[in-house]
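Enquirer: Spelled out, the chains give:
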Amino acid sequence: MSAGGAGGEATGGIPQNQLIALGTLGGLAGVYGGHFLSVASPAFAFIGALGAICAIVWGSAAVRRVASYGLGTGVPSIGMIALGMGVVASMFGLAVGGIAGPIVAFIIASIIGLVVGVLANKVLGMGIPIMEQSMTEIAGAGTLTIIGLSVAMTGTFMFDAVLETVVATGYIAVIFIAGGMAILHPFNANLGPDEKQDRTLMTALEKGAIAMVIAGIVATVVDGASAVPSILIGVFIWYIAFSKYVKLVHRDAYKVLGTGLLPTEEELE
Amino acid sequence: MIDVAGIIAENILYIAMVTLGGMLISWSVHFVPVGGAPAAMAQATGIGTGTVQLAAGAGLTGLVAAGAVMAVSDSFALVIASGAVGAMIMIAVTMIVATWVYVYGVGVPPASAKVDYDPITKDRQDIYVSQGTEGHGLPTVSFVSGVIGGALGGLGGAVIYYSLMSTSTTLSQSDLVALASIFAVGIFFVNAVIPSYNIGGTIEGFHDPKFKKWPKAVLASFVATLMCAFVGILTIGGL
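Quick note, the sequences are listed as chains A and B, same order. This note's numbering numbers the first residue of the first sequence as 1 and each following residue consecutively. This note's numbering numbers the first residue of the second sequence as 1001 and each following residue consecutively.
Quick caveat, the hints were computed from the structure, so don't treat them as lab data. Beta carbons are placed, not taken as given, at the ideal position from N, Cα and C, and that holds for glycine. The reader is advised that the hints may include incorrect statements.
Okay, derived cross-link-like pairs now, DSBU-like style, lysine-lysine, Cα gap no bigger than 30 angstroms in a straight line [to be verified]:
hint : chain 1 : residue 1 : chain 2 : residue 2
1    : B       : K1210     : A       : K122
2    : A       : K122      : B       : K1213
3    : A       : K255      : A       : K196
4    : B       : K1122     : B       : K1212
A short list of chain A residues far from chain B (calculated; beta carbon distances all over 12 angstroms) [claimed, not checked]:
hint : residue
5    : Q18
6    : Y32
7    : G180
8    : I237
Pairwise CB distance ranges (calculated) [said to hold, decoys possible]:
hint : chain 1 : residue 1 : chain 2 : residue 2 : range
9    : B       : G1132     : A       : L232      : 48 to 56 angstroms
10   : A       : L232      : B       : W1100     : 40 to 48 angstroms
11   : B       : A1071     : A       : P193      : 50 to 58 angstroms
If we strip away everything but chain A, and leave its shape as in the complex, we get (with noise of 0.2 angstroms):
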């Protein structure tokens, strides 16, 4: 783990509250999407994967923004935090929302991470001016990349199924890991004084299409959802963000080199 940022708010890129529309609407949309074109055909199941990639992103964009400023503990913790929130309130959006599910459990997850987030300051007297709205869109971005993930595996939102073929079965530990990931690794992996927001989101999209091919693996088990779309799309999603964030690494790197291999021992004597 880290420390975290250098202790000011992170700058540059596009503007958060694009990410936030992108987040929220391609979320919901992804998730509505999935749900009910799978109906028509299993194989529009991995609509609801692209919508938790949408949350994966704004998510992973307002994790940047708020850990830029020094937790004080490791980056990790937000994205455990974020899933955290989001479990509890999806289950709860789910279970008693029927179709207005997603909506329901994504209300809860602000309510809650918006509650979180003044304790944070108020109480706990961390001082990050932003962490009230960060934390609103962390669980936000967390609800709804588990519940685009469940869509993926399933086809469907609608709680029984989910209940039977996530929860019960204890794949909603994977999404619980894979999504957490997601949303905490980017600026894990990419914080530094040269860090760069189209470089952290890279790896966020990368990450998630990652994510995508779990759901897509889990769903080769189970009716309403069709595995290959998802496993086809998230690769090549996967190999489209990662050769774009490794020529990012090249541009922000200052020289890039080969080691060669490890020296033989008669090399080293």
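With chain A fixed as given, assemble chain B onto it according to the hints.
Expert: This is chain B only, laid out in the frame that chain A set:
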């Protein structure tokens, strides 16, 4: 739509118990000697990883232990005791292996930089602290503190799990176990992160001056867990 008032009235005790469990977890994190990245390089006292990872590792072991006992017994005391013992064993094993690594691998004596004498063994500490570091390894007091932290965290996790499992519901047993577990994990993570922000990432144990800040984290956890408890009990009770 579900009968919100009815479910809350019926399960008010469990909502209170889940909240209490969350507060216990929050308090427990203050006992665990967390050194973070500096400790990983043997430049600060404690185990070389973050609060959340340690609390989660020990707490989730406690949850598994509690869940295993709950499958064969309904006794509240037995369930929470196994949760506490499971978490204590996990954190103790983590700390003893870390101590081997620090002593035999890195080659540093366990020493605290926060106190001159170990409050338990009365051993001198300050002369063993390497220059430029804030202590290293796990002195006895940190080890004992960590085990206490594991016990409280496991207790908290087990109380949450027991309460969620006992909520009146029409869910089948296997679905209930899955749902109660994932809620307990979610609530556990929220309550592991809140105190880690309170202590700013690193703490040596109950002898550390930062330990005195615990009421703030427990208060914050009280509010946060109360919300999660309502949401969790409503979900399980409404099905």
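Enquirer: For each hint, tell me whether it holds in the structure or not.
Expert: Verification of the supplied hints:
1. Taking the CA atoms of K1210 of chain B and K122 of chain A, the gap is about 18 angstroms. The hint holds against a cut of 30 angstroms.
2. A C-alpha spacing of about 14 angstroms is found between K122 of chain A and K1213 of chain B, which places the hinted pair at or below 30 angstroms, so the restraint holds.
3. The suggested pairing of K255 of chain A with K196 of chain A holds, with an alpha-carbon distance near 17 angstroms, which does not exceed 30 angstroms.
4. Proposed proximity of K1122 of chain B and K1212 of chain B is supported: the alpha carbons are some 21 angstroms apart, at most 30 angstroms.
5. The claim that Q18 of chain A lies off the interface holds: its Cβ sits roughly 28 angstroms from the closest Cβ of chain B, which is beyond the 12 angstroms cut-off.
6. Remark: the non-interface label on Y32 of chain A is consistent with the geometry, its nearest Cβ contact in chain B lying 21 angstroms away (cut-off 12 angstroms).
7. Residue-level check failed: G180 of chain A sits 9 angstroms from the nearest beta carbon of chain B, not beyond 12 angstroms.
8. For I237 of chain A, the condition that its CB be more than 12 angstroms from all CB atoms of chain B holds, with the nearest at approximately 27 angstroms.
9. Separated by about 53 angstroms at the C-beta atoms, G1132 of chain B and L232 of chain A satisfy the suggested range of 48 to 56 angstroms.
10. Taking the beta carbon of each, L232 of chain A and W1100 of chain B are about 47 angstroms apart, inside 40 to 48 angstroms as hinted.
11. Judged by the Cβ atoms, the range 50 to 58 angstroms given for A1071 of chain B and P193 of chain A holds: they are separated by roughly 52 angstroms.
The structure fails to meet hint 7 from the earlier list, while all remaining hints are met.
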